Structures are given as C-alpha cells and as structure tokens.
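Enquirer: Sequence:
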Amino acid sequence: VAMALFILVHFFLLLTGMAAFLLSVFSIFNHSKAFHEFYHRMSMQHSYYPKVSVLAPVRGFDGKFEENIMSLLRQDYPKGRWEVLFIVDNDDSKTEIEVKKIVKNVRAKNARIVHSVPLLTCSGKNAAMIAGVKHAEYDVIAGYDSDARVGGKWLASLVGPLEDKSVGVTTGYRFYLPS
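The opening position of the sequence shown corresponds to residue 1 in this note's numbering, with each subsequent residue numbered one higher.
The hints are simulated quantities; they were obtained by calculation from the structure and are not laboratory data. Small disclaimer: the values here were computed from a predicted structure and weren't measured. Be aware that a few hints might be false.
Okay, derived cross-link-like pairs now, SDA-like style, lysine to any residue, Cα gap no bigger than 20 angstroms in a straight line [as the list claims (entries may be wrong)]: (1) 51 <-> 163; (2) 109 <-> 95; (3) 79 <-> 157; (4) 153 <-> 71; (5) 51 <-> 95; (6) 100 <-> 123; (7) 94 <-> 142; (8) 64 <-> 97; (9) 125 <-> 113; (10) 94 <-> 51; (11) 109 <-> 50; (12) 100 <-> 83; (13) 100 <-> 75; (14) 64 <-> 103; (15) 79 <-> 125; (16) 134 <-> 153; (17) 79 <-> 142; (18) 153 <-> 169.
Pair ranges (Cβ atoms, derived) [as the list claims (entries may be wrong)]: (19) 134 <-> 49: 30 to 40 angstroms; (20) 76 <-> 10: 56 to 66 angstroms; (21) 113 <-> 62: 45 to 55 angstroms.
Every residue gets a Cβ at the ideal spot worked out from N, C-alpha and C, and that includes glycine.
With the hints as extra help, turn the sequences into a complete structure.
Expert: Take a look at the structure:
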C-alpha cells in the first residue's frame, strides 16, 4: 500500500510538472505569436509620413557595417521626405571614406556627412547627436545605431505613431538574431 501511494504521488508530481512546462511553452508561443502579429500590423499600415532627419553617428566599422548602413538607406519611405545624416568624428577619415563609398553605391541622394567635434560636457555619441540636430533639415528626428540592421519599414513604423498628436516620442526595440 505504501509503495502504491509512493508511486501515485510521484506520478501526480510528474504530471503536474509536465503540465506546468507545457503551459509555459504555450504561453511563450502565444505571446510571441501575438507580438509578431502586432509588429506585422504596425509595420504594414502607414499613411502618415512626416519629414524626418535620421541621425546616424558612425565611428569605426566591422564586417556587417556595409549591410547595416545599406539597410538604413533602403527604407521604404517617400522620397524627399527624409534625410540621413552620417555623423563622423573630424579625425575618423576611414569611416567617412567607407560611408561615402556605401552612399555612392546605393545612389542615396538623401544622405550626407556631418562632422562632429568632441565636447567636454558629454560623451562622443552625445556630441555627435548634438552636431546632427544642428544640421538636421527636418523637425522630426530619428536616431540610428550603425551596428543595427533595420527592416525596410523601420522608419515608417518608428514615426507612424506621431500621427496621433498626443504622442510626442516613439522608440523601437532591438532584436538580436543568431547569425
């Protein structure tokens, strides 16, 4: 009797553990599916395209640099409604040459180089963003990191919520995918 009770209790614990595991897997899948559906809806429905200055501080580059910059320059956003300011340090000629080469290859007419100088009051990236804002042509400012590869609807998805006048700032999330 004791042995049967022992087996029954362990069997019950095993079933409870399996149920908790399956519930967790289902919950993760369900939330992931809901997130992807939401992201898909947000990235596909756009009718609001404000004029945007994208600030892209660049310093040095790695093996994925060109692909990342090209992903930014190939945004599905109306021509004449956005610009990209690549902000480089005054003493970083290698990066400037690389950016100019990529811009030329993509034939991006909406991209230009801005030089940044170090400021004693903030970091290099902040100094670059300040230089970018000073040279921005448009009132809507978007920030971009050159180590990120963005989808074709990134900019439209980022600024789309600004159509609602009660929204003053939007942000995006970084997702890291295995290579």
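Enquirer: Going back to the hint list, which numbers does this structure go against?
Expert: Failing hints, ascending: 5, 6, 7, 10, 15, 16, 19, 21.
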